[in-house]
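Chemist: Residue numbers (full-length UniProt numbering): 1 to 484.
If you're looking for bench data, these hints aren't it; they were derived computationally from the structure.
The reader is advised that the hints may include incorrect statements.
[Claimed, not checked] When the alpha-carbon atoms are kept at most 25 angstroms apart in a straight line, the in silico SDA-like pairs for lysine to any residue are as follows:
no., residue 1, residue 2
1, 330, 389
2, 369, 454
3, 145, 278
4, 471, 373
[Unchecked claim] Here are the in silico distance ranges between beta carbons for each label pair:
no., residue 1, residue 2, range
5, 143, 388, 48 to 56 angstroms
6, 459, 102, 44 to 52 angstroms
7, 301, 464, 33 to 41 angstroms
8, 457, 291, 29 to 37 angstroms
Built from N, CA and C at the ideal position, the CB exists for glycine as well.
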Amino acid sequence: MFTSELLLRFFNLLFFINIIFALAVVFFERKNPASTWTWLMVLLFLPSIGFILYLFLGQNLKKKRMFLLKKEEKENLTSIIDKQKEYLNNESLIKTNPFLSKYSDMMELNLCSDNAFYTNNNQVTIFIDGKSKFDQLKENLENAKVYIHMEYYIFQNDNLGNTILDILCRKAKQGVEVKLLYDGMGCLKVPKSFFASLTEAGGKVACFFPPFLPYINLRVNFRNHRKICTIDGEYAFIGGFNIGDEYLGLSKRFGFWRDTHLFIQGDSIDALELHFLMDWRFASNEDSVFDSKYFPRRTHLGKTGLQMVSSGPDSTFNSIKNGYLKMISKAEKNIYIETPYFIPDDSILEALRIASLSGVDVRIMIPSKPDHPFVYWASTSYMGELLESGVKCYTYTKGFLHSKFLSIDGSISSVGTANLDIRSFTLNFEINAFIYDKNITSKLDDFFNDDLKFCEELTLQKYTNRSFIVKFKESVSRLLSPIL
Numbered sequence: 001m002f003t004s005e006l007l008l009r010f011f012n013l014l015f016f017i018n019i020i021f022a023l024a025v026v027f028f029e030r031k032n033p034a035s036t037w038t039w040l041m042v043l044l045f046l047p048s049i050g051f052i053l054y055l056f057l058g059q060n061l062k063k064k065r066m067f068l069l070k071k072e073e074k075e076n077l078t079s080i081i082d083k084q085k086e087y088l089n090n091e092s093l094i095k096t097n098p099f100l101s102k103y104s105d106m107m108e109l110n111l112c113s114d115n116a117f118y119t120n121n122n123q124v125t126i127f128i129d130g131k132s133k134f135d136q137l138k139e140n141l142e143n144a145k146v147y148i149h150m151e152y153y154i155f156q157n158d159n160l161g162n163t164i165l166d167i168l169c170r171k172a173k174q175g176v177e178v179k180l181l182y183d184g185m186g187c188l189k190v191p192k193s194f195f196a197s198l199t200e201a202g203g204k205v206a207c208f209f210p211p212f213l214p215y216i217n218l219r220v221n222f223r224n225h226r227k228i229c230t231i232d233g234e235y236a237f238i239g240g241f242n243i244g245d246e247y248l249g250l251s252k253r254f255g256f257w258r259d260t261h262l263f264i265q266g267d268s269i270d271a272l273e274l275h276f277l278m279d280w281r282f283a284s285n286e287d288s289v290f291d292s293k294y295f296p297r298r299t300h301l302g303k304t305g306l307q308m309v310s311s312g313p314d315s316t317f318n319s320i321k322n323g324y325l326k327m328i329s330k331a332e333k334n335i336y337i338e339t340p341y342f343i344p345d346d347s348i349l350e351a352l353r354i355a356s357l358s359g360v361d362v363r364i365m366i367p368s369k370p371d372h373p374f375v376y377w378a379s380t381s382y383m384g385e386l387l388e389s390g391v392k393c394y395t396y397t398k399g400f401l402h403s404k405f406l407s408i409d410g411s412i413s414s415v416g417t418a419n420l421d422i423r424s425f426t427l428n429f430e431i432n433a434f435i436y437d438k439n440i441t442s443k444l445d446d447f448f449n450d451d452l453k454f455c456e457e458l459t460l461q462k463y464t465n466r467s468f469i470v471k472f473k474e475s476v477s478r479l480l481s482p483i484l
């Protein structure tokens, strides 16, 4: 009798807590309607664990104090933005470069929504396999003389991770400034002691949103998914590869790893460095100074136009998503997309549908091997919806496709860390390079067409004939997609 009474009180308490969280979802958290309804259903139908799930996965971040700029820094940034606006609105830009003038409104969008200044003194190399990318990275790390700033979502304690860490330790002992930033969720299984050798060597290590207890992180839903490395202000890397053996294709589960990463020399390194310093300031609580040694003057290196666009839960605008939408709306001939996860919101879905119905050749590629089952089935559900509009959908069978890439008309493209899903648009801290260069975009398109040789097309007939079990998996996964 006593036990049953206690249980009744306990469940009444759980019900009351769920009501409180439900009220918070509706009245205090500014979520989109789909996410709001999903959380309300979780709280209603899973009263015993709903509030725990919401505590870990459902809360919004307090944006105001995350990445504060000092007065002088704000003034310098405002000055750069004003000069950029003047440049983009200048008629001489239209007269001297018709190609750029066609996309000047997109440049201004990225500038105004994310302070993403445009630079054209850049040289870009594309890597699509891990060995080439990490060989280049190791070479540049070994030759570093002033500083190494590295920011990765995942930094594994394995052969590659230890090799990179050994180089960082060696350079720190030589007097090079070494700072390593990793994500608390991405490196959840990597002990802090793994990085101790770097701090002992004179380097610095910081964790973005560290767990407050081992394996317990109340900010598990917010992840720094960026992969940035800047070296001496001369070399930079941005893209999809993390640090770990699996990215070399050595994982038994995934096998060959197909990704896209950029190696950059030129003025856009300043933008990547600025993002690193802001992330470092937040994670380390250091009053990091924007020292001139991080932003050296450069000679002419290339002609590739770049903007580094970031987004995250701290942002007022979903800048990367808005950049994608702008690209899709400006496409006249084709749109090529590679993404490991395809969970678009209604705006992206409708934009792709409109583009295809307007005669644009829209092609989307995802992996055939799921690393997250719910996400995979949700992805195929959304792709299936686009088939009726004439969009061509493919699954990559050679290995695991982790590439995050979008291009239009063989003219402009975007490569970076953002997947084409709701998480990357709203919950993760991401960064993408928007590339205004026909040669680079053509190379990316060539890689896309090569990947098609290892794909199976998801036709409307195949999708219509899928089994009941597959339909059920897709329905459940899609229902959860706003919070995946």
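Chemist: Run every hint past the structure and note whether it holds.
Modeler: Now for the hints, and whether the structure bears them out:
Straight-line distance between C-alpha atoms of residue 330 and residue 389 comes to about 18 angstroms, which keeps the hinted pair within the 25 angstroms bound. Between residue 369 and residue 454 the CA atoms are separated by roughly 13 angstroms; this keeps the pair inside 25 angstroms, and the hint holds. In summary, the hint linking residue 145 to residue 278 is supported, as the alpha carbons are separated by about 22 angstroms, within the 25 angstroms threshold. With a C-alpha separation of about 14 angstroms, the suggested pair residue 471 and residue 373 falls inside the 25 angstroms cut-off, and the hint holds.
Checked against the hint of 48 to 56 angstroms, the C-beta distance between residue 143 and residue 388 comes to roughly 53 angstroms, which is consistent with it. Range check, residue 459 to residue 102: about 34 angstroms between beta-carbon atoms, so the 44 to 52 angstroms window is missed. The hinted window of 33 to 41 angstroms between residue 301 and residue 464 is violated, with their beta carbons roughly 52 angstroms apart. In this structure the hint that residue 457 and residue 291 lie 29 to 37 angstroms apart at CB is violated, the actual value being about 52 angstroms.
The structure shown violates the earlier hints numbered 6, 7 and 8.
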